[in-house]
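Participant: Each chain, letter by letter, is given below.
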Amino acid sequence: MTDTKTAGTYAPKPGAAPLSRMVRAQAWLETRTQLRNGEQLLLTVIIPTLLLVLFSAVDIVDTGKGSRVDFLAPGILALAMLSTAFTGQAIATGFERRYGVLKRLGASPLPRWGLMTAKTCSVLAIEALQVLLLTVVALALGWSPHGNPATVLLLLLLGTAAFSGLGLLMAGTLKAEATLAGANLVFILLLVGGGVIVPLDKFPDAAQSALQLLPISALSDGLRDVLRHGTGVPWADLGVLAVWAVLGLGAAARFFKWE
Amino acid sequence: MRSSAAVEVAGLVKRYGSRTAVDGLDLTVARGTVTAFLGPNGAGKTTTIETCEGYRRPDSGTVRVLGLDPVTQGAELRPRIGVMLQSGGIYPTARVEETLRHMATLHAHPLDVTALIDRLGLGGCGRTPYRRLSGGQQQRLALALALVGRPELVFLDEPTAGLDPQARHATWELVRDLRADGVTVLLTTHYMDEAEELSDDVAIVDGGKVIAQGTPEVLCKGGAENTLRFSGRPGLDLTSLLKALPAETAAVELSPGSYRLTGTVDPQLLATVTSWCAQNGVLPDRISVERRTLEDVFLELTGRGLRA
Numbered sequence: 001m002t003d004t005k006t007a008g009t010y011a012p013k014p015g016a017a018p019l020s021r022m023v024r025a026q027a028w029l030e031t032r033t034q035l036r037n038g039e040q041l042l043l044t045v046i047i048p049t050l051l052l053v054l055f056s057a058v059d060i061v062d063t064g065k066g067s068r069v070d071f072l073a074p075g076i077l078a079l080a081m082l083s084t085a086f087t088g089q090a091i092a093t094g095f096e097r098r099y100g101v102l103k104r105l106g107a108s109p110l111p112r113w114g115l116m117t118a119k120t121c122s123v124l125a126i127e128a129l130q131v132l133l134l135t136v137v138a139l140a141l142g143w144s145p146h147g148n149p150a151t152v153l154l155l156l157l158l159g160t161a162a163f164s165g166l167g168l169l170m171a172g173t174l175k176a177e178a179t180l181a182g183a184n185l186v187f188i189l190l191l192v193g194g195g196v197i198v199p200l201d202k203f204p205d206a207a208q209s210a211l212q213l214l215p216i217s218a219l220s221d222g223l224r225d226v227l228r229h230g231t232g233v234p235w236a237d238l239g240v241l242a243v244w245a246v247l248g249l250g251a252a253a254r255f256f257k258w259e
Numbered sequence: 001m002r003s004s005a006a007v008e009v010a011g012l013v014k015r016y017g018s019r020t021a022v023d024g025l026d027l028t029v030a031r032g033t034v035t036a037f038l039g040p041n042g043a044g045k046t047t048t049i050e051t052c053e054g055y056r057r058p059d060s061g062t063v064r065v066l067g068l069d070p071v072t073q074g075a076e077l078r079p080r081i082g083v084m085l086q087s088g089g090i091y092p093t094a095r096v097e098e099t100l101r102h103m104a105t106l107h108a109h110p111l112d113v114t115a116l117i118d119r120l121g122l123g124g125c126g127r128t129p130y131r132r133l134s135g136g137q138q139q140r141l142a143l144a145l146a147l148v149g150r151p152e153l154v155f156l157d158e159p160t161a162g163l164d165p166q167a168r169h170a171t172w173e174l175v176r177d178l179r180a181d182g183v184t185v186l187l188t189t190h191y192m193d194e195a196e197e198l199s200d201d202v203a204i205v206d207g208g209k210v211i212a213q214g215t216p217e218v219l220c221k222g223g224a225e226n227t228l229r230f231s232g233r234p235g236l237d238l239t240s241l242l243k244a245l246p247a248e249t250a251a252v253e254l255s256p257g258s259y260r261l262t263g264t265v266d267p268q269l270l271a272t273v274t275s276w277c278a279q280n281g282v283l284p285d286r287i288s289v290e291r292r293t294l295e296d297v298f299l300e301l302t303g304r305g306l307r308a
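The listed protein sequences derive, respectively, from chains A and B.
Residue 243 in UniProt numbering sits at position 243 of the first sequence, with consecutive numbering throughout.
Residue 278 in UniProt numbering sits at position 278 of the second sequence, with consecutive numbering throughout.
Heads up, none of these hints are tricks.
With a cut-off of at most 35 Å between alpha-carbon atoms, the simulated DSBU-like pairs for lysine-lysine come out as follows:
#1 257(A) to 209(B)
#2 175(A) to 209(B)
#3 209(B) to 103(A)
#4 209(B) to 13(A)
Think of the hints as simulated: they come from the structure by calculation, not from any bench.
For reference, chain B alone in the conformation it holds in the complex (with noise of 0.2 Å):
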């Protein structure tokens, strides 16, 4: 039978020892989506992904990754996922290209090893042991090893850890084309502008439990308001431009001359304010709608404090 969703966790329970990593976690990726998993370490995020991948054993609820029980058909489920490990997993005299193409290897119709390492920037390293690669490189020769026995689903825990913002930006191309390409990814980040860059649906885990799950723009819609920021001739009159807003619209002088609107912003009220400030003889400088961020999201979400 084949399930609708690349992956669907249920009520997962994972417990090591007296301390309950994952407490009841529900999650559901959508075949041929980017999904990324959002949490503060410890949040429970590795220890969901590794039991997707049949490394652990739900202490209980049910877990399904292509319609497969992973620890019970994980011989059917291995050959059709793609897995990125945050401990690259990789023998540090093993050379770049002998690496991959021994992983080819393993699979029946692999993608052709010498175009991935060229498309990955490892074009001058094939013959170089792992432990000489640099941070970088290292997570691109995992994540080629992901990818190159051509899965329905890969999981990449941190893909982009430590990379510079140039191998950030051709990881986050690479992924959108498998997303294009119809492959499923389920990610990992701490990266609050790579999961809203990225994903069609974020999942942000708390305490061993998805606490919020949507697009990106869902999430930074629910909730809290909007902002809109402007200057202008000091001591304008905000009650004739309230009058003129939604009523729960709020206005204030931060200080002589800046201006800050909270609510729903949207064309319409920005319009109106525009218009009241030509009306008022006003030429607003420096107008600005913020939007919440994601990252705005997350910290309410999961509170500001450090983590042990």
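Next up, chain A with everything else stripped away, as it sits in the complex (with noise of 0.2 Å):
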């Protein structure tokens, strides 16, 4: 240790950064750290993007009528949203919670609410890229995409707040290590029972009409509706993600714990 001390130096000055800086500055180290993750960023982009192009390129699965990346691309979108709001958002902040940053951070200025804004704008951020990544190759292959963009906006809105309370709820209940494994295996079983490369038309009428209820479901057969066939408000689908985001944001709310 360097003895670099002058009288005064630590004399107390306390105070909170404004509410916005304090926001920003822990967005954007949350955005950072996930952006650095490998096994995250595979989660993320890898993962969507070769799905959109393996599943549009080679015909694997039977999508019905229609190029098969109109029906692809809504349905990886969907999954990019519940790959940043769900899985990884999960798993981070169960991992926060075990290491005990979450608790370091609740006796810093940040308040709680300003942790959980910063959270989203972050994970938004993310999705922002996802997107942008993934409508780029969706057109390189060949997408004509349809629809009302402010309508495909609140579905992604919407979507994300229902991902982003399940795994919320997720990450705030169980132990670190159950919510990895948790996380990922909702992934997976979402992905392939949430309409998102396989048509929900291809699963028993009983199954059908549960899986309908599925968040994923809703998000990649709204997206779908207005994407691939221009249909002007998917109501259905719009109100199962309302309801998913007030149950998972109120059960999370309720019973998340800090340590």
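Mind assembling these two chains? They're in different frames, but the hints should get you there.
Facilitator: What follows is the structure in structure tokens.
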């Protein structure tokens, strides 16, 4: 330790930074941490891009009439939201809780709701990058999207809210290892059973009606209605997402344990 | 209203299920002082500190930190305190400088991060992830995080646990600088020498209560007697020595030529002993005065048995 001490260095001068600066700094830190994390990038960038390219180029799954990329792009966008808002956020938050990072921040000037705002901003920033990347790739594969961009945005935001609630509920109640395993398992199950790359009408009728109620199915179905068929507002899907968002965020707020 | 004490805890009770972790604890920490919170494992130190930091809600009793209630006035209190947790609270992949700069950004008038990193001997590892730091470096980063916001009051939970002697002394030096600059410090420790070395005030806690509080000197003086030892020729006439000394003094020849006096050992007593030796033609060899150490006091108060 070098002695660079001059009298008065530590003289108290406490104070919180302006709230907007705290939230911005926290959001930026979380975004950087996520983008630096190899496993997270695999989940949020590489897997969705690979699936989009692979299933568009090769006729593996029968996607019905029309071009394959027109069917796949909306589903992959939904999957990308799932990977960031649910899986990525659940795992990151679960380990932050386990390592006492959330506890330590709890004694800092950043209020809890400021932390949650920052997490949301960080999720939205990463999602924006994902949407940009996947759109470019899909367009290169011959995608021709339709519909109103505002409706698409509304679906993406509501989907993010639903996934975030469920992800935070998991991160705030389970052990970090259980969250890690569980969030990845859910990702894979929803990838297969959520209308992302396999059309839901391939499943038996009984299963179909249950699967339709999943947030990922509502999001991929709603996005597909708008982007593929140019439908106005997919109210049923928005309704399903809204119910999940309210239940998930409500349960997370109620049951989240910070330590 | 500005309260005079930095920390005022009165009748604090905190239970976890059927276990009572803190059982009617009273503690006052004066502003600008260093107070050491000493106690065996499970005595209630961390629970008390975490209640002051606003992490725990008291089951009963009152807690005021800088005059504020940590639970209901936490938002006002948090910018004014610095917290070093026992478990660092730092993400394993977070880098040293990034972590510290981030915490600095959350405060209005932070310390200079580069200078603080140098001061704590972390100069070479600004880009090192937390998990690659040695235990001592991790401790120092956690300490730096507590200080960077220029708090009025810092809580250090075992700040030198697991540090090598150099790093311990450097941390002590830093705590002295904090005190010199008017920062109030409340630290928990298992090390008696640390408490004795650093603190203006020591609170010994056991079974969820403060069982003794005072300056290290006062705690060491109270109760038991002090000891003076010397060696000389075997078979000295201790009765004639005792005649010259205050009534409550006791003397014994432990082994031939090795003597021990117990009583109030003050300069007067030492002078009397040496002049008696001179009169008797004895050169007192290896003469030593033993003060009770804080460790003696601590073990007397909390017992010598091992805790579960």
